[in-house]
Every structure is written in C-alpha cells, then in structure tokens.
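Colleague: Got chain V; can you put chain W on it based on the hints?
In case you want the letters, here they are:
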Amino acid sequence: MVSLNSVLLISFLLFSIGIIGVLIRRNALVILMCVELMLNAANLNFIAFARHSGSVSGQAFALLVMGFAAAEVAVGLALVVALYRKRDTVQVDDINLLKG
Amino acid sequence: MTADMTLVHAATTAASQPSTLLWLIPFLPLFGFLINGLSGKKLRNTKVVDFIALGSVGAAFLLTLYHFIQLVGLPADGRSIHQSLWTWFDVGGARVLGGLSTYKIEWAYKFDALSGAMALLVTGAGFLIHLFSTGYMAEERNDGRYYRFMAYLNLFVFSMLNLVLGANIMMMFLGWEGVGLCSYLLIGFYFDKEYAAIAGKKAFVTNRIGDFGFMIGFFLIFMVFGSLDYDTLMGSVREISSLKSITLFGITHTPTWWFNLIGCCLFVGAAGKSAQIPLYVWLPDAMAGPTPVSALIHAATMVTSGLYMITRLNFIYVQAPVALAVVLFVGALTAFVAASMGLAQYDIKKVLAYSTVSQLGFMFMGLGAGAFTAGMFHVFTHAAFKACLFLGSGSVIMACHHEQDMRNMGGLRKHMPWTFLSMGLATLAIAGIFPFSGFFSKDEILWKVFEGWYHHGAYDGPALNLVAWILGMLGAFMTAFYMTRLMIMTFYGDYRGAGHDPYHLTVPSEAHHAADDHGHGHDDHGQHGHVAPVAHGHSDHGHGPTEVPWNMWLPVFIFAVFAVVLGFLNLPQSLEWLGKVSGIGNDHFSKWLEPLLYQVTAPEHGHHAAPIIEYALMGWATLIWAPGAILLAVWIYGMDPSWSKARAFVTRFPKVFEWVNAKYYVDEFYEWAIIEPLKRFSAQLWSFDTWVVDGMVNGAARVTLLWAELMHWVDEYLVDGAVDLTEYIVQETSGVFRGLQSGRVQHYAFVMFLGFLVFAVVKFFV
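Residue numbers (my numbering), protein chains in the order written: chain V, 126 to 225; chain W, 14 to 779.
Source of the hints: derived by calculation from the structure; they are not laboratory data. Yeah, the Cβ is synthetic: ideal placement off N, Cα and C, and Gly gets one too. Check the hints yourself; a few may be wrong.
Stated by the list, open to error - To give an idea of the interface, some chain V residues facing chain W are shown, with a C-beta separation under 10 Å as derived from the structure:
hint: 1; residue: Leu154
hint: 2; residue: Ile156
hint: 3; residue: Asp218
hint: 4; residue: Leu223
Just chain V, same shape as in the assembly (with noise of 0.2 Å):
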C-alpha cells in the first residue's frame, strides 16, 4: 500500500516540473505539455486524497478535469496552429504584441 505522503511528494515533483517547464519553456508546444502535466498532478492529488479520506467525490473531480483539460488541449492546439499560420511561428518569445 502506497502511503499518502509518497503519493503527494509525486503529485508535488509533476507539479514542479510542469510549472517550470511552463515559465522556462519557450516552445508554446511544450508549454501546453507541461500544463498538462499540471493538471495531471492535480488529479493525482484528487485521486490520492479521495482514496484516503473513502470519498469518490475526488475521483469524479479527476474525470470532470480530464474532460476540461482534453478540451484544453482542443483549443490550445488549435490557438497555436492558428498562431503558426499567423506568425510562422510557435516561440513564445516572438509573441510580445504586449509590450508598454
């Protein structure tokens, strides 16, 4: 039986590494990877916490953001598709229209 803690020191390293790869990561590809990875830690959170606590709440949650993110990745796909016709680029670092 794997503890809560280990299962949370997981869900916590994916997190790290999505939320880095998406502040470092300049390839908006990958960028959408690692949010992905995000939200996977998330559920693994929910999951994890469901399971101890004897609730299948959280493991509704996890189905409801597997949905989300699967649309997420719809639109975001198609956003950067869209940007790549536009710009003949994905780097993020061109993108900057922002800029004061």
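Modeller: For chain W alone, coordinates are given in the frame of chain V:
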C-alpha cells in the same frame, strides 16, 4: 369721431356715383408694366411688347372715355364717379386741430370734372405718344432695351393716373412720387451716357426739394383739417376759415395766415414738379431722355401736375392771398425769363424745353390771378400743341440722323410735309394767333391778370397784376419769336446737312442726345465728334432727310388738329358772337369746372358787358403783337438765309448773347451758391466721419487687437505651458512602468506564480 371733436366734417360726398370699373383705368397700364417689365426681356418679338403696352393704355383710354361720357350725362353739381378699393392705412389717433382724428386713408379713385378731363388727357396723349414711340424707338428693338422703355412709359401712365384720379392727397402724393421716379428712369434711359445719368439725377434731386415743400404743405392740411379727402376738405373749409384763430405747434394765427403758409409750401412742390423759378433747372436737362418722353412727361402731362394740384386745392388758395400773389409773380417771372432763354438756343429740344417752362409760367399766372379755369384750360391746349411740337421735333431729329442742332438742319419743309404742316399749325397755336387754341387760352390768362389791375375800370387793383401782365405780354412776344425762329431754321431755306452749307452756318455736330450709340464713340457732353451727317453706321444714312413712317407723323398730326380746334371748347364770354355764329357756345370748359371751384362769395351769374379794353387787348395781341413777333423772326432769319442780322446783333452785343445763350448762368450760380458749399460741407462731414467716427471704430478695433495679442500670449505660455507640463510629467514617469510590460506571457505567469507563492508562504507560516 371722439366726443371732444369740435369740428364736424361736412359730408359732401352726397351726389357721387359708385363705379366698379374705375380702378381699371390706372391699373391696366400697371398690368402692362408688370407684364412687359417682367417678361419683356425674354420676348423675342417686340411686337408683343407693342401690343401689351399700347393695348393697356388704349383700353384705359376707352374706359376713361366711357366714364367721361357717363359724367357728361350727370347733373352739373353731381358730376363725380368714385370707387373705393380698400383702406390703405389708418391714421386714427393722430392729434389734429379738432381733437383726435379717426381718419382712414382709402385707396380710392374719384372721377370728376377735373380729374376726368386730366385722365382723358393722360390716356389719350399717352396712347398717341406710345404709338409714336413704336416708330421713334425702332432702333432699340434690336438691342433689348425696347421693352424697358415701354414698361417705364406704362408705369408712368399708371402713376400719372393715380395722381389725377386719386380721391385724397395721399393718393396724389403716391402718383406724384411715381411720376418723379418714372421721369428719373426715362431721362436716364440711356444711362450708359454720362450726361443722361446726370440729367436724371438732377431732375430727381430738384424734385425732391419740391416734394419736401409739398409734404410739409399736406401735413399742415392734415393738421388743420384732420382729413385728406378732397370732398371732406372742401366741405369743411368754410367752417375752418370762419374760426377766429388757429393754434398749432404753439403758434396762434388767423386761418388766412395758415392757408397762406400751406399754399406757399404746396407751391414749392408745384414749382419743383412744374419747373418754375427757382426749381426749373432740371427740365431743360431732362431733354437727355428720348423725345417721346419729353413730349409725354416733360410737356403734356407730368409737368402739369403742379397746376392740377393747385386747381384741385383751389379752396385753400382762394383764401390765401399771399400764396396766390407768390404764384402769380413766380409764374409771370418764369414765363418771361424762360421765354428769353429760348431766344438764343440752337438745340431744337432745348428751345421747346424753355418754351415749356415759359408756358407753365403762363398757366401759373392764370392760377395766381384766381382764374383757375383759364390756367387749367391752357394746360390742355398746351398739352396738344407742345406734344405736337415735341413729337415733331422727334421726327425731325430722327430724319436728320440724330442731329439736334438747328443750324445743321433747314429746308425740311420739302422732305417732311406732314411734320411741317403739323408743327406749323402748332406754332401758330402757341404764338396765339386767332383762332388757334393758344389764342383762346393764353389771352384769357393775360386778360384775367390784367383784369385784376383793371378792376372794372377803376385801375386800382394790385400793381403786381400789372407787372405780371407786362411780363406775360413780353413773354408772349418772345414765344412767337422763338417758335418762328425754330420753324424757319428747321424747315425753310435749304438743307444744310450733307456738306451743303453756302453760308457756313453749320457747327460740328454733337449728335449725342438721342438714341445714338452706333459706334460714334461720343462719351462726353462737351466733345465734338464730327460734322454731321457724315457716314454713320446706318444704311439709310448718307442721303437727305425723308418723311417719317405713318406711326410717327399720324400722332403728330392728331395733336396738331387738337391744337387747332381745342380753343373752341372755351370761347370767352366777350366773344359771344363767335359762339353763336359757330353754334358752339361759350365757356364750356369754365362751366364744366365751375362746381369744383370754391366760391368765397356767391357767384355772380349776371351778364356783364365785356369792357371795350378787353377787345382792344385781344385785337392787339393777335393782330399786332404775335404777328409782329413772327414777322420780326421772318425778317431776321427767313428773308436772309445767311442770318447776317442775327450775327450782327451778336457781334454788336456779345455780352447779351452770351448771357442769354448761357441761360443767365443760373446753373453756374446754383453750382457756386448751393451745390459747391453743400459739397464742401459734405467733405467736412466726410472728414469728420473719417477721422472721428472711423477713428473711434478703428481705435476700438486696435484696443481689441492688443487685448487679443495679450490673451494669445497668455494662452500660448501659461495655459498651454500647464498642459504641456502635465503631459511631460506623465510621459517621464510612465517610462518606469512601461519597462514592466515586456509583452511576454511567461513573465506575467512567473509574476503570478511568485504572487501565489508569497500568498502560500504567508498562509502557512504567518
């Protein structure tokens, strides 16, 4: 009427016939004017203009004739037809002598013995002169001015009919101003010529001076009578003249004094309109207008409106002895002076112009002597023979290719038989030869003037009458002389144009007055162009003068016929046998006008035997005096085609000739005594305006400008400075924050993450 009215105006409109057609007499020419004036420019065919202009005046003449015949059928004291169209304006509330007036001025017409006869003259003569104009103005048909001329003539006829047919003084004044306007427009018809424009201006300004007197006069009438209707005025004059005193404007005097004042003021107006001393100067210059205008306005109709006005208001004049004396004296003086000016003129129209002034003087003499019928009768006979002479002179001028100087004419008798015959008859009439019309009218006036002094054999009348009579007799002599001179110079001898000039009488032609703009290049009055009639632009130029077409000589001839026969309408009482023999009767015209004349005392209808002196004077005038003048002129100008006697006279008395020829330098005197000081005064006013008034305005402008400069500086440096400073501060400070906006999403996300982290740390450890 208010209760405090003390004067009750007698209602004297008792026997007056209403009419529904009367308004058409003046309004038909007005419609003609409107149609021609508004659409004439677009009409290609001037025959349409002819039709409208002649048709409207002709129809007005027929209507006048209809009303006149109706008038003849009425009893003598009820010969009046009236039509009131609308209330023109209401002067209610004006404070007049009798209290508050409730008078309303009506737009009303009154057709009675006097105005009916005048209307007949205006429309009849007007129609004939319109007909003459269709021939005389033929050259204008091509250059688009023709419709304008005809429209002005129609407007004149409308105004003149308003003047004579109006039922109150306001209506008369409306026409009075209207004819003045038309006179101005028609004198200045060739307004592109400077002399014509100046002459029109002179006529207008001179008339304004007269109009001022006329206005003062009828304002006073309104103040005294509280009304302007002729009927009311005549009905209440007896009551007013019996008042002890009249107080107006704080001045108290007898009614006679006030009537004298009114009469003199009105006479100033009459002197302006009817060209009497001292306001006659415009009439000779008015000859700058086309000749039909001279005939219609400046001989037959408009210039008689002063006479008409005085006769219409005779009830005031008979009670104003001083005013009548002024009229008599001024009339006599004008008759004499103007006739003498006519002696030395060479311009055929100028001779006739001075003749008109002189004849108008005769008419005023008649009125001044209290013989209103005699004066008015001369208006009618003079209208006939002077219109004939003027139109005839127009024909002559046209035949001689716009030549107006009589020295360049001569011998036209053979070329223009109809014109010669007509003008000859008119000359005999104006000279006063029995039995032409001028004899009956002019000698009646002279006799009445003489009678004032003669005084039923007592010879104790006012000496003024004797003086006036002598002046009148001299004027009559000169009239016969200068008219004969005109006829001989124009019609006898040989034609001196076309280079044929054995006695060197011709002068360089000024041929500039009439419708002469066919490329001669005359642009100034004093410039002598060429010897007439050298080659003009016309195809018919070059050969001698020929008779004018029928539509020109026929009106002249009709006027001549009237000039011959018109005198029989008023055969004097002393020639009773003539009335009996001819079956015409005596004094038709006098009896016709009598109901309109105010009688101070009951009229005497008893038969007086004519004094022997009347026959003596009559015989003297027509058998010796006038023929003597004619023979003198024949002796000087006719017997000797080189005019050596006239030349000898000029050489002998150069000063006399110079003064008469220059019209006694009256124009120059006016220029020096009135116009120049006025101009200097105007120049003073002008400089006051320039320096003081404009100075104030310009000063105000300058102050405003300085203030504006100051404000501009304040705006530029203070207001704009504050705004710029704010902007600068914002610009500079915003640089710091702008650096934070890298535009990279990851930076923002990192900041968010940091914030979250801080939040989490604070949550856990604090």
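Colleague: All hints are to be evaluated individually against the structure, with a verdict given for each.
Modeller: Against the structure, the hints come out as follows:
1. Because the beta carbon of V:Leu154 sits about 14 Å from the nearest beta carbon in chain W, more than 10 Å, this interface hint is broken.
2. Look at V:Ile156: its Cβ gets to within about 8 Å of chain W, closer than 10 Å, so that hint holds up.
3. Residue-level restraint check for V:Asp218 holds (minimum Cβ-Cβ distance to chain W is 7 Å; threshold 10 Å).
4. Among the interface hints, the one on V:Leu223 holds; its C-beta lies about 4 Å from the nearest C-beta in chain W, closer than the 10 Å criterion.
In this structure, the one hint that does not hold is number 1.
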